[in-house]
Amino acid sequence: MAILVYIENIAGAFKKSGYEAVSYAKAIGDATGQPVTALSIGKVDTGSLEGLGRYGVSKVIAVNTEQLHQFVNQAYAAVIAEVANSIQATTIVLSNSFSGKGLAPRIAAKLDAALADGAITLPVIKGDAWEIKKSAFSGKAIATQELTAPIKVIALTPNTIEAVEAQTTVEIEAFQPQVAATDLSTVVKDIMQATDKIPLPEANIVVSAGRGLKGPENWKMIEELADVLGAATACSKPVSDAGWRPHEEHVGQTGLAVSPNLYIAIGISGAIQHLAGISSSKTIVVINNDPEAPFFKVADYGIVGDAFDVVPKLIDAFKAYKNH
Amino acid sequence: MKILVCLSNVPDTTSKITFTDNNTAFNTAGIQYIINPYDEIALARAVELAGNGQGTITVIHVGEAAADPTIRKALAIGADQAVRIDAYPRDAWFVAHQIASYAKTQNFDLILTGRESIDYNGSLVQGYIAELLGIPSISIAKKLDINDSQATVEREIEGGKEVIQVPLPVVIGTAEGVAEPKIPNMRGIMSARTKPLEVIQAIDVPALSHITHFDTPPPRGNVKLVDKDHVTQLVELLHSEAKVI
Ligand SMILES: Cc1cc2nc3c(=O)[nH]c(=O)nc-3n(C[C@H](O)[C@H](O)[C@H](O)COP(=O)(O)OP(=O)(O)OC[C@H]3O[C@@H](n4cnc5c(N)ncnc54)[C@H](O)[C@@H]3O)c2cc1C
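Those protein sequence lines, which keep their order, are chains A and B.
Per the numbering used here, the very first residue in the first sequence carries number 1; after that it's consecutive.
Per the numbering used here, the very first residue in the second sequence carries number 1001; after that it's consecutive.
Think of the hints as simulated: they come from the structure by calculation, not from any bench.
In this text, a Cβ means the ideal position worked out from N, Cα and C, and glycines have one as well.
A portion of the hints provided could be inaccurate.
One-sided and incomplete, this derived list gives chain A residues near chain B with beta-carbon spacing under 7 angstroms [claimed, not checked]:
1) Lys-101
2) Arg-106
3) Ala-114
4) Ala-141
5) Glu-146
6) Lys-189
7) Ile-191
8) His-247
9) Gln-253
10) Thr-254
11) Val-298
12) Gly-302
13) Ile-303
14) Gly-305
15) Val-310
In silico SDA-like cross-links for lysine to any residue, where the CA-CA straight-line distance does not exceed 20 angstroms [what the hints assert, rightly or not]:
16) A:Lys-319 <-> B:Val-1244
17) B:Lys-1104 <-> B:Gly-1055
18) A:Lys-282 <-> B:Ser-1015
19) A:Lys-282 <-> B:Ala-1242
20) B:Lys-1243 <-> A:Ile-161
21) B:Lys-1228 <-> A:Phe-308
22) A:Lys-282 <-> B:Thr-1216
23) A:Lys-313 <-> B:Glu-1236
24) A:Lys-189 <-> B:Gln-1150
25) A:Lys-189 <-> B:Ile-1146
26) B:Lys-1228 <-> A:Gly-305
27) A:Lys-322 <-> B:His-1230
28) A:Lys-16 <-> B:Thr-1216
29) A:Lys-319 <-> B:Lys-1243
30) A:Lys-297 <-> B:Ser-1015
31) A:Lys-313 <-> B:Thr-1232
32) B:Lys-1016 <-> A:Ser-269
33) B:Lys-1016 <-> A:Pro-294
34) B:Lys-1243 <-> A:Glu-202
Given these sequences and hints, build the entire structure.
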């Protein structure tokens, strides 16, 4: 029995959600007395691999095959399953990131494993049956799933547990997987990565704006506010439908579900479909000129006022706070 | 080109979500069902790709007869034929096995699902089907084009996107950007009544997990209002009370 945690990298750098997955795996390891092995696929330098020891990983398996320098869903799933088999892992943890969502079902199918998708809690272990909670009905409910199969794959929702440091010494092993040519048919042609931006699913703070902003030209102040706070920007559905903002920013029932520490909603009415995607945020701030806007009913803090008046003042206030 | 579009039948987005039987089952009383919004995007793109006699579209749903209106709507939007696997759609693992087992006999070039269903939000069916069929899959497509026997797909990644090329057959989960959902017209609605809807028996699939119960998130609220002329007070509250900055 062993625990395998797959940690994703972007251009060679491990992601915050990956360290969260490592800490999650470590917590299961501590509870069940199993060692945690981390798996990295791609071109990652030794320093970063050794750095995993800070999070309690005692062994890192590094796959640096040239054919796998770019993400190929099918091949990565095969490699993760192969490594899981080789170390006889009965628990496989990964982040439920965009790529993780593609990998998890394929890995689970290969291993005949039970899959906890979008886990938001550590497992409650009752012998072979593990209970794990996930968000369901787009944030309107929480479902408790019981995993009964002997092998378990857990895809952890980003931002639900914090990465915690637990220094250990780490041993790095290079691994040469058996990659079938048929698993490599997908070719990455181009990657457009905004490296200066904080990815929305991982952001601790999200500044979101809606139709109340009147037009795309008014997003400058939203971006400035996000900048001051080190936040990601988001928007309501009509805003991305109108092309004011890119689709990636659309949050809600039919967009991205996010759970930041702080969600600031500006000029968004708070329709049920919007709330579905943001209601697990820890703190919600609403700025709206309509005191009857439904969003105030779920907010922790609110300002009734015109966004064009309030947001510039808020930028100044946050700047003053940061400088102080 | 033969396209298969997988449909999930989900509660309308305005539904109030409650549970029965000691919170072990979803309360379906009074719930209106719709085609999963992401599946509507998949279907709309299928209709575009199959236009001008360039392909045929089969829609498939795993579920009971109560879902037939949802299937008919998909036929009205433009699918040519429908298949319903007659079983309660217990979970994604079960559903994917049914679809893969049907697809094995049909040689589809393209299998589309929504990126996730809005009830259990799994994003699992596409990956399971692809793995069971041994073909590639793409979980969250924002754009999808087909040229000859290749799909070119823009895939969402954290903080960016990736353009990938993949040979058919492939399973793709669609999201916004792939197509605008289509509203059926009168002619579509009329013709949907006579289009074939085949009902097939389900195969057995051992369960690996199940949902034991549901909770509703604790109610939020009790908003603390801050005066618009004293916004520094908000900054202080976020720092010292909410402790989020
Ligand atoms: C199937 C389906 C799925 C959907 N999925 C989603 C989803 O995933 N995400 C989503 O967001 N929506 C979704 N919607 C749409 C949703 O129902 C709402 O229409 C949408 O959220 C409204 O966006 P909004 O709040 O930006 O705009 P509006 O509802 O137009 O609200 C604008 C708000 O701005 C305020 N305002 C105006 N001027 C100012 C000002 N100067 N200063 C401050 N405030 C101002 C107004 O008081 C109002 O409250 C979905 C709808 C359907 C039918």
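Evaluation of the provided hints:
no. : hint                      : result
1   : Lys-101                   : holds (4 angstroms)
2   : Arg-106                   : holds (4 angstroms)
3   : Ala-114                   : holds (4 angstroms)
4   : Ala-141                   : holds (5 angstroms)
5   : Glu-146                   : holds (5 angstroms)
6   : Lys-189                   : holds (4 angstroms)
7   : Ile-191                   : holds (5 angstroms)
8   : His-247                   : holds (5 angstroms)
9   : Gln-253                   : holds (5 angstroms)
10  : Thr-254                   : holds (5 angstroms)
11  : Val-298                   : holds (4 angstroms)
12  : Gly-302                   : holds (5 angstroms)
13  : Ile-303                   : holds (5 angstroms)
14  : Gly-305                   : holds (3 angstroms)
15  : Val-310                   : holds (5 angstroms)
16  : A:Lys-319 <-> B:Val-1244  : holds (16 angstroms)
17  : B:Lys-1104 <-> B:Gly-1055 : holds (19 angstroms)
18  : A:Lys-282 <-> B:Ser-1015  : violated (24 angstroms)
19  : A:Lys-282 <-> B:Ala-1242  : holds (9 angstroms)
20  : B:Lys-1243 <-> A:Ile-161  : holds (17 angstroms)
21  : B:Lys-1228 <-> A:Phe-308  : holds (11 angstroms)
22  : A:Lys-282 <-> B:Thr-1216  : holds (16 angstroms)
23  : A:Lys-313 <-> B:Glu-1236  : holds (14 angstroms)
24  : A:Lys-189 <-> B:Gln-1150  : holds (13 angstroms)
25  : A:Lys-189 <-> B:Ile-1146  : holds (15 angstroms)
26  : B:Lys-1228 <-> A:Gly-305  : holds (6 angstroms)
27  : A:Lys-322 <-> B:His-1230  : holds (17 angstroms)
28  : A:Lys-16 <-> B:Thr-1216   : violated (29 angstroms)
29  : A:Lys-319 <-> B:Lys-1243  : holds (17 angstroms)
30  : A:Lys-297 <-> B:Ser-1015  : holds (18 angstroms)
31  : A:Lys-313 <-> B:Thr-1232  : holds (9 angstroms)
32  : B:Lys-1016 <-> A:Ser-269  : holds (18 angstroms)
33  : B:Lys-1016 <-> A:Pro-294  : holds (15 angstroms)
34  : B:Lys-1243 <-> A:Glu-202  : holds (19 angstroms)
Violated hints, in rising order: 18 and 28; the structure is consistent with all others.
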